[in-house]
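A.B. asks: First to last, the protein sequences are chains Z and P. Per my numbering, residue 1 is the first one in the first sequence, and the count goes up by one each step. Per my numbering, residue 1 is the first one in the second sequence, and the count goes up by one each step.
I should point out that these hints are in silico values taken from the structure, not numbers from a laboratory. You may find that some hints are simply not true.
[Stated by the list, open to error] Once the Cα atoms are required to be at most 27 Å apart in a straight line, the calculated DSSO-like pairs of lysine-lysine come out as:
1) P:Lys225 x P:Lys172
2) P:Lys2 x P:Lys192
3) P:Lys109 x Z:Lys16
4) Z:Lys16 x P:Lys178
5) Z:Lys66 x P:Lys309
6) Z:Lys76 x P:Lys192
7) P:Lys103 x P:Lys2
8) P:Lys132 x Z:Lys76
9) P:Lys103 x Z:Lys70
10) P:Lys2 x Z:Lys70
11) P:Lys178 x Z:Lys76
12) P:Lys192 x Z:Lys16
13) P:Lys172 x Z:Lys66
14) P:Lys287 x Z:Lys16
15) P:Lys400 x P:Lys455
16) P:Lys296 x P:Lys192
17) Z:Lys70 x P:Lys132
18) P:Lys109 x P:Lys172
19) Z:Lys76 x Z:Lys94
20) Z:Lys66 x P:Lys132
21) P:Lys455 x Z:Lys66
22) P:Lys103 x P:Lys172
23) P:Lys495 x Z:Lys70
24) Z:Lys66 x P:Lys287
25) Z:Lys66 x P:Lys327
26) P:Lys309 x P:Lys342
27) P:Lys287 x P:Lys331
[What the hints assert, rightly or not] Computed Cβ-Cβ distance ranges for the label pairs, DEER-style:
28) Z:Gly18 x P:Ser111: 47 to 55 Å
29) Z:Ser24 x P:Val177: 51 to 59 Å
30) P:Glu176 x Z:Val151: 20 to 28 Å
31) Z:Met158 x P:Ser111: 38 to 46 Å
No residue lacks a Cβ here, since even glycine has one placed at the ideal position from N, Cα and C.
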Amino acid sequence: MKRPMQHTITVLVENKPGVLARVSGLFARRGFNIESLAVSITDDPSVSRMTIVVTGDDSTLDQINKQTLKLIDVIKVIDYSQIPIVERELALIKVSAEVDQRAVIMQIVDIFRAKIIDIADTSFTIEVTGGIDKVDAIENLLKPYGIKEIVRTGKIAMARGEHTAMA
Amino acid sequence: MKMNGANALIQSLVDGGVDMVFGIPGGVMIPIYDALYGRKDIRNMLMRHEQGAAHAADGYARATGKVGVCFATSGPGATNLVTGIATAFMDSVPILAVTAQVKTTALGKDSFQEADITGITLPITKHNYLVKDVNDLPRVIAEALYIAGTGRPGPVLVDIPMDVSLAEIDYKPVTEVKMRGYSPHVEIDESKIDEAAELIASAERPVIYAGGGVIISGASEELTKLSEKTHILVATTLLGKGAISESHPHALGMLGMHGTAYANHAVHECDLLIAVGARFDDRVTGKLAAFARKAKVIHIDIDPAEIDKTVSVDVAVIGDCREVLAKLVEKVNSRQETDWNKQITHWKDEFALQCPAQGDVLLPQCVISKVSDMMNGEAIIVTDVGQNQMWSALFCNITKPRRFLSSGGLGTMGYGFPAAIGAQVGCPKLPVFVICGDGGFQMTLQELAPAVEHKLPIKIILLNNRFLGMVRQWQELFWNGRYSGVDISAQPDFKMLAEAYGAVGIRVTKPDEVEGALSRAMEVNDRPVLIDFRVSREENVFPMIPAGQSIEEMMVNRPRSEG
């Protein structure tokens, strides 16, 4: 599947009620498309970290960065478009696994360095971690066997090397 | 000092420099109004609808430059503020709205008079707060006032549940506000000033386009200096009126859809557009692809998000307009008048604004001109929205900042009169005029009651054409004259209406009565005066560039095709 221009931004925000609504509401009303959004607390409990994958051209991205930074509860916006990053997403995939197909599914799981974390009579639940492309790829490979359910966390990202988002 | 949350709120406002609020109480608001009772250092003006309270706070803020404050109760009281808050948001006006809320244990339970006002106002406030702990209240109020009034100003809402108002706190004034997510002061990038100065030096046909940001930052003097040193003429937006004195030979009046033809020609033909505290609104630019298409653009603004938002610029200087202009005035080379100045002067003569010949019919443009001539800049003019607003923009000569107040971005009918109340309260020594239509006035006229109660000598210039005039104009010009839903001739006798409220009512039907009526109005100084001007019903606002089009489609006069 071809994806439109994607950008990853990290937003450090005050860890307060309603902040997610402020950010997502801003994106909605300004017409910015969110591909994925992952939020969690940081080592500083007063700060939450959002990793947002957005689609749009450069001028849209510029507006996203500036408008987001204008929110009072937003402490910092980091645009990861121009710097090398490590990025990961975690997915749980429940796939049909009839007895005669289990071996081949297990091979796929092995190749992707994924894990089977639950087995039922006719299904496996698989945990996979990786970049978006890797998760897409295993999803596509498992499709023929019958995916019953899939949940993805959305991407999280960090700059490579000494760079940090904090401070 | 020990006190309850309501008293801590009022004390925080007083400690923050607030001495006036506009509002209406209600069930969960009673503790807060109780805290106001008997206080001499802060007054409440009891409005008759919360929308009026928000607009009054807005008018107060625009006229004085201080933060305007309004109060409303939970639920419907709070939702009635919404139009006023959105109006202030669009025009970057510092207001603080304090709303009472149901008690914290009742929140989220669809309780009586509960509305999620922080959720509702999320997109129309600069920031908002729901205070759940009384100990946060003094800090929140200090932050709210600071956020509203600094940087690019805007409305802030603070929602206070009743149990928080009643809870006890050991109050200490907040002396310092610190927020890691908000630092309004911007260090100006000097290299950008140099680049701007270079562009100005190399331009042959420069024009300045000044907006409300010049007035907000108090940069009128610096703007005028820049214009005088460089002989670059200045067009202003609706909100920028008064940024440079319109009596100054360098002033070109308003640009845009209903701007002067010469301002629009100058912007269309310029090779350098210097935008100061303006945001390239669609009512200014019309068709973007054709707007100032030969020009390089310098954009000076405190809000980085305005840079490259709709028009991409060559040099952006981010910072307070006054500080930036002060630096630019120093750096820029002086220029003499050129052929370009002559060309613009020629346009000014060719397309000079004139009141149409009046004859026996009363024309709204002539009424406004008369007001402007009589006051000679020594008044605050507040407008409503629609034809009255555009004629006021064209025919009022505004010589100082904060003397022309109008709802520009949101275009809120009903804004004018309550905003005039706020302006008159903030500037008791200045005459305050509100120029409005019969449509907009009827949306907020209930505020005659507090205006009379407080003896405010506001002059209400009611341009009564018994139409929703601007919509009628569009229907005439673009919808084959199908006047759907615009005839409002079923209306009260406005003279009697004013008198019923205890104000002075005057009716004017003929041109030769205008001056006498205005003189009579000026003699009244202890109550509002409403003058019901029965104007020609189907006057249009010209010049006009139809929405989304360019100067080539400008209509300077009424098209003659109908004959």
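A.B. asks: If a hint holds in the structure, say so; if it does not, say that too.
C.D. replies: How the hints compare with the structure:
Annotation: proposed proximity of Lys225 (chain P) to Lys172 (chain P) is violated, straight-line Cα distance about 45 Å (limit 27 Å). In summary, the hint linking Lys2 (chain P) to Lys192 (chain P) is not supported, as the alpha carbons are separated by about 52 Å, beyond the 27 Å threshold. With a C-alpha separation of about 21 Å, the suggested pairing of Lys109 (chain P) with Lys16 (chain Z) holds against the 27 Å cut-off. Restraint check: the Cα-Cα separation between Lys16 (chain Z) and Lys178 (chain P) comes to about 16 Å, which is no more than 27 Å; the hinted pair holds.
Note on Lys66 (chain Z) and Lys309 (chain P): the hinted pairing holds, with a Cα-Cα distance of about 10 Å set against a maximum of 27 Å. Restraint check for Lys76 (chain Z) and Lys192 (chain P): satisfied, since their Cα atoms lie roughly 24 Å apart, inside the 27 Å limit. In summary, the hint linking Lys103 (chain P) to Lys2 (chain P) is supported, as the alpha carbons are separated by about 21 Å, within the 27 Å threshold. At roughly 26 Å between alpha-carbon atoms, Lys132 (chain P) and Lys76 (chain Z) fall within 27 Å of each other, so this suggested pair holds.
Simply put, Lys103 (chain P) and Lys70 (chain Z) have alpha-carbon atoms about 31 Å apart, too far for the 27 Å limit, and the pair is violated. Our distance criterion of 27 Å between C-alpha atoms is broken by Lys2 (chain P) and Lys70 (chain Z), whose separation comes to about 36 Å. At roughly 16 Å between alpha-carbon atoms, Lys178 (chain P) and Lys76 (chain Z) fall within 27 Å of each other, so this suggested pair holds. Only pairs whose Cα atoms come within 27 Å are accepted, and Lys192 (chain P) paired with Lys16 (chain Z) is rejected, the gap being roughly 37 Å.
Restraint check for Lys172 (chain P) and Lys66 (chain Z): not satisfied, since their Cα atoms lie roughly 36 Å apart, outside the 27 Å limit. Under the criterion of a C-alpha separation no larger than 27 Å, the hint pairing Lys287 (chain P) with Lys16 (chain Z) is inconsistent with the structure, at around 42 Å. Taking the CA atoms of Lys400 (chain P) and Lys455 (chain P), the gap is about 26 Å. The hint holds against a cut of 27 Å. Between Lys296 (chain P) and Lys192 (chain P) the CA atoms are separated by roughly 15 Å; this keeps the pair inside 27 Å, and the hint holds.
Distance hint between Lys70 (chain Z) and Lys132 (chain P) is fulfilled; the C-alpha atoms sit about 24 Å from each other, no more than 27 Å. In summary, the hint linking Lys109 (chain P) to Lys172 (chain P) is not supported, as the alpha carbons are separated by about 33 Å, beyond the 27 Å threshold. Only pairs whose Cα atoms come within 27 Å are accepted, and Lys76 (chain Z) paired with Lys94 (chain Z) is rejected, the gap being roughly 37 Å. Between Lys66 (chain Z) and Lys132 (chain P) the CA atoms are separated by roughly 30 Å; this puts the pair beyond 27 Å, and the hint is violated.
Simply put, Lys455 (chain P) and Lys66 (chain Z) have alpha-carbon atoms about 46 Å apart, too far for the 27 Å limit, and the pair is violated. With a CA separation close to 24 Å, the supplied pair Lys103 (chain P) and Lys172 (chain P) stays within the 27 Å bound. For the given pair, Lys495 (chain P) sits about 48 Å from Lys70 (chain Z) by alpha-carbon distance, which is inconsistent with the 27 Å threshold. For a cut-off of 27 Å, the pair hint linking Lys66 (chain Z) to Lys287 (chain P) stands: about 25 Å separates their Cα positions.
Pair hint Lys66 (chain Z) plus Lys327 (chain P) holds up; C-alpha atoms about 25 Å apart against a cutoff of 27 Å. In summary, the hint linking Lys309 (chain P) to Lys342 (chain P) is not supported, as the alpha carbons are separated by about 33 Å, beyond the 27 Å threshold. Proposed proximity of Lys287 (chain P) and Lys331 (chain P) is contradicted: the alpha carbons are some 34 Å apart, above 27 Å. Between Gly18 (chain Z) and Ser111 (chain P) the beta carbons are some 19 Å apart, a value that contradicts the proposed interval 47 to 55 Å.
At about 27 Å, the CB distance of Ser24 (chain Z) to Val177 (chain P) disagrees with the hint of 51 to 59 Å. For Glu176 (chain P) and Val151 (chain Z), the hinted distance range of 20 to 28 Å is not satisfied, since their beta carbons lie about 46 Å from each other. At about 44 Å, the CB distance of Met158 (chain Z) to Ser111 (chain P) agrees with the hint of 38 to 46 Å.
Hint check: violations occur at hints 1, 2, 9, 10, 12, 13, 14, 18, 19, 20, 21, 23, 26, 27, 28, 29 and 30; the rest are consistent with the structure.
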